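Peer 1: Protein chains in written order, with our numbering: chain Y, 1 to 582; chain S, 583 to 1183.
It should be emphasised that the hints constitute simulated quantities derived from the structure, not laboratory data. If you're wondering where the values come from, they're calculated on a predicted model, not measured in any experiment. One or more hints might be untrue.
What the hints assert, rightly or not - Listed below are the simulated EDC-like cross-link pairs for lysine to aspartate or glutamate, each with C-alpha atoms no more than 16 Å apart in a straight line:
1. Lys-1120/S to Asp-1066/S
2. Lys-548/Y to Glu-408/Y
3. Lys-548/Y to Asp-406/Y
4. Lys-890/S to Glu-165/Y
5. Lys-1074/S to Glu-447/Y
6. Lys-706/S to Asp-720/S
7. Lys-1080/S to Glu-554/Y
8. Lys-634/S to Glu-679/S
9. Lys-897/S to Asp-18/Y
10. Lys-72/Y to Glu-1133/S
11. Lys-1156/S to Glu-1133/S
12. Lys-229/Y to Glu-165/Y
13. Lys-1080/S to Glu-131/Y
14. Lys-257/Y to Asp-406/Y
15. Lys-470/Y to Glu-439/Y
16. Lys-1134/S to Glu-1116/S
17. Lys-257/Y to Glu-408/Y
18. Lys-1080/S to Glu-1116/S
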Amino acid sequence: MPLVNITIDGIRMQVPQDSTILEAARKANIKIPTLCHLELHNRETVNRVASCRICVVEIPGRRNLAPACATKVAPNMEIRTCTPRVLTARRTNMQLLLSNHPKDCLNCYASGNCELQDLANQMHTDTNRYEGTSSEFAIETSNQSIVRDLNKCIRCRRCETACNEMQTVGVLSGVGRGFDMVVGPALHKPLAETQCVFCGQCVKVCPTGALMGKSHIEEVWKAIADPEKVVIVQTAPAVRAALGEEFGLEPGHSVTKKMVTALRRLGFDHVFDTNFGADLTIVEEATEFIHRLQHGGRLPMLTSCCPAWVKFFEHQFQDLLDVPSSCKSPQQMFGAIAKTYWAQKMQIDPAKIVVVSVMPCLSKKYEASRGELSASGHQDVDFVLSTREMGRMLKEAGLDFLSLPDGEFDHPLGYSTGGADIFAVSGGVLEAALRMAAEVITGQELENVDFEEVRGLRGLRHAHVEIAGKTVNVAIACGLGNARKLLEEVRAGKSEYHLIEIMACPGGCIGGGGQPFVDSKKEPEVIAKRAAAIYAEDAGKEIRSSHKNPYIQELYQEFLGEAYGEKAHQLLHTHYTGREKL
Amino acid sequence: MSRLATRYDLTALARKLAAGPGAGAPPVQVFVGMSTCGLASGAGAVYEAMAKALAARKLANVTLVKAGCVGLCYAEPTVEVQVAGQPIVTLGNVTPERGEELVAELAAGGKIAGAISEGDAIFKKQVRIALRHCGRLDPEKVEDYLRDGGYQTLAKALFDQKPEELIQTMKDSGLRGRGGAGFPTGLKWEAARKAANTPKYIVCNADEGDPGAFMDRSVLEGDPHCVLEAMALAGYAIGARFGYIYCRAEYPLAVKRLEIAIGQARQLGLLGANILGSGFDFDIEVKLGAGAFVCGEETSLIHSIEGKRGEPTVKPPFPAESGLWGKSTTVNNVETLACVVPILEKGAAWFRGIGTPKCPGTKVFALAGDVKNVGLAEVPMGITIHEVLEEIGGGSRDGKPIKAVQTGGPSGGCIPASKFDTPIEYETLASLGSIMGSGGLIVMGADTSMVKIAHFYLQFTCDESCGKCTPCRVGNKRLLEILDRLLKGEGKPEDLEKLQELGNVIKDTALCGLGQTSPNPVLSTLHWFRGEYEECLKKGPKAVTYRIVAEKCVGCRACAKVCPVSCIDGKLKKPHVIRQEECIHCGACFSACKFDAIVRE
């Protein structure tokens, strides 16, 4: 890229000619404040709407101020980032935003983690200068996953960019005009009536508290306190790799054992692991895959662990409902087994069992509420807490998390293999399925269970794996925009793959919408560290292939019978429903 | 009519049409102005009556033409009579009866009574380029356009000129965008010509949205082919093979006439594949806007054509680089395009001979408000505001001095009478805190409250803002709220300073042209009429009040019937009273009273 000479605040420098002023200023260590601007996933997606007008700078000779985030440098450009004209404009636009924003920060869940608040503090501005009418929107609580309080929306459109450009879900856009313009579904429909998949990527990028995960904390506290209930908890693999961040730990530290102790201290009767459900999922899914492969079934087969992905294809690819595996997700398999097999074993009335999940995900809340996921006659899962909610509950309970002693999961539903751990990372479900499929097809134990070729954090990957002299073509997508590309190929009959893994979030579940908030610029790095922690968990496990989990084997012997058999179908498999697009 | 396979077919057809059907008695053409404005005033009935009378008298030498509008809104319906070799005679406020009389007068060959003559100031000061055909041909008959040399310029370009030559002529002519911003059209075309991002598009911006501006409608309704020919020329010049006309859906007659014209041009092979055998393909589609003012802004317009939400994006990239579907796109306004054929036909030097060195050519203004001759006037650039208002407009209705004029629609500012000697150019208007805009000229009478005027325009901008950027969405709302309280007499001492500061920041930081100009009505009135704002601060709004003089009121209820807020009480045949606290000072009652019983104070 050719370089151009520019001057920023008197500093002469050379920058690539396609740089924005904002990027050039960063190189000069000048921090231009931004609000709507957002860079995601190593800049695969950039929110360049330039709507907030906070980052304006002065360019002598130009009639008006220029938004630094969306203005490219030009040869010999002179840029002034800190003149009275610039500062007045930034301050005024900040005051305008604040004039239509509730100022009850103490009541806001985003307080302390709010970019608007941070910037207002930094500017030390008179927040009441332009008082006037405020927007009045009813808070939207129509769905299980996401709460929208548009009174706090600053129209930065980041959520729209995440929803439309990154995920290609296409629910959010500008609606209405002028002062009444806001970001939301067309016709102001509630999210529940749209093709929203509740992936929560919009919540992750919201700079204020306008978009929030729906909390189940109160319900869980009540259940724990109810002496009639047996409250059991399961924790998703991705949670242990990130929960520590809520307590100030550097990303990349697994806190599995402290988490178990913490959950026990909160009062859960049994502390189990979604990993058990993940091992079970692999047994069912790999068996289904082998079945499809050997009996001329529908190929490629797509994984079905991610509820956002499931809802995505139900809306967008109604013609391909037979392509995904019919397996329920680990969360739901766990719930179904807890309320049947475990309930029988423990002689507990399943009506008294409350299954609480801790998930890196907001869509899991929605999934738990899907009516058909109730094989035992009760909903498989009752309440879902996000990693962030878990952190909040632990803090509320006054637990000094980092100094807690180690604990161990309860058995049998707490034992898992390394194959289950890697569900947390993009490519992991596929790798775990390959571990089992390869051993079952060849009848031999794998010397090395690490399928390095399917690992990585790029959004779209593919690999060829040799099993018993046959090539199995696999593809992996994380992010629904990437998934769409694979699905379009399947729809066009051009897909060369046998098995495809899809996760809705960047990096897989470790980058889920319920995980601790991260500065978006640092997110790729954080996700990589969480992934490393997960692979370390896997490597440290005694058993690394799901079908070798002794408690899983016991489950089949004592209760389920054959893998992919009749009882398994009844409890562990599901069906999909075509859904409208708004 | 069959397809014209070569340019010679076009010439032959034009010649045949020019020869005309009737020989003998001097042919007489009678033009009935039948654009939306004329039709709304009853031109349809006038036409019917005249057609019947002509048939009855069997006047074979008289052709009755359903023409577009000549721009005399105050005198609609209008009829113009052109006897070959004589000056045109224009009649205003024509009734069906007057139409019949006119036929009788034509039959008798006598003088036509009561006409507005071509020598009157209203016409004398005008130079008609964009409006050259408006009112003088039947827009639904391509024959009329062809008879007058239509599509010859296109033929000449396709066969005898290189695209670069057209661009050079446009650059030399100095034509600047008539949509308001005044960017040189030739440079726009040149940038598009050089762009590598194909397929390229040419877009005609016909989303005329300024309140009180209707010059583009007049062109589309009165001379649609001139826009089509210009778009084909532009397409040839920049290398585009497809064009869109983005027309607001509120202009159904313009859309209908455009569709008819496109159909005719396609039938004749003047649009479509291999035009006149030249090898050049070009076609046009009309796209309807859904009623958003901001879609007049070119990036919003482009998004709207793409089927997206009509809201602006940051420039650069300019549309010439990345426009419709990411391809190089040239957006020209209707009036700009209407000047293209005459420029390419008569040359750059001819065009430069009109107007001023900085702003050659003409501008169509829509005169409205407190002025006698409401209507459209095309005048050379450089004419003074005074000339337009007094000589063409005929001064204020009540004869009192005009207080101010608002130019450029809701994005423009108010210019005080003391500056009426300013020659009209893009830069001079800008230096007065206003803009050329699309050419609206709203005249403010002596009694107008300038604070209320600012409020009116700002209300419009607030309603029409897309809401994307902070300064326009929230800033304008706050400006409006400040004006609200000033008008209620509840202003705060710091309000005028806030208006100034906020207005400046909105201008400085709004994302698009709409936002960047939206504070102009406030800032310009604050500058030129600060006293009125200060008065608001002191004792509430300065407003005209209306009062019914009991002795004169006969209780006819005429005023109560027209009152839009129903604030006039009184029984039939008893004196009425206005409830002052609810009165909005609109003056409807004042105009409705036939007994001079309402006084304005």
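Peer 1: If a hint holds in the structure, say so; if it doesn't, say that too.
Peer 2: Structure-based check of all given hints:
no., hint, verdict
1, Lys-1120/S to Asp-1066/S, "15 Å, holds"
2, Lys-548/Y to Glu-408/Y, "20 Å, violated"
3, Lys-548/Y to Asp-406/Y, "26 Å, violated"
4, Lys-890/S to Glu-165/Y, "14 Å, holds"
5, Lys-1074/S to Glu-447/Y, "82 Å, violated"
6, Lys-706/S to Asp-720/S, "24 Å, violated"
7, Lys-1080/S to Glu-554/Y, "76 Å, violated"
8, Lys-634/S to Glu-679/S, "12 Å, holds"
9, Lys-897/S to Asp-18/Y, "15 Å, holds"
10, Lys-72/Y to Glu-1133/S, "72 Å, violated"
11, Lys-1156/S to Glu-1133/S, "10 Å, holds"
12, Lys-229/Y to Glu-165/Y, "44 Å, violated"
13, Lys-1080/S to Glu-131/Y, "12 Å, holds"
14, Lys-257/Y to Asp-406/Y, "5 Å, holds"
15, Lys-470/Y to Glu-439/Y, "14 Å, holds"
16, Lys-1134/S to Glu-1116/S, "36 Å, violated"
17, Lys-257/Y to Glu-408/Y, "6 Å, holds"
18, Lys-1080/S to Glu-1116/S, "13 Å, holds"
When the structure is compared with the earlier hints, violations turn up for hints 2, 3, 5, 6, 7, 10, 12, 16 and for no others.
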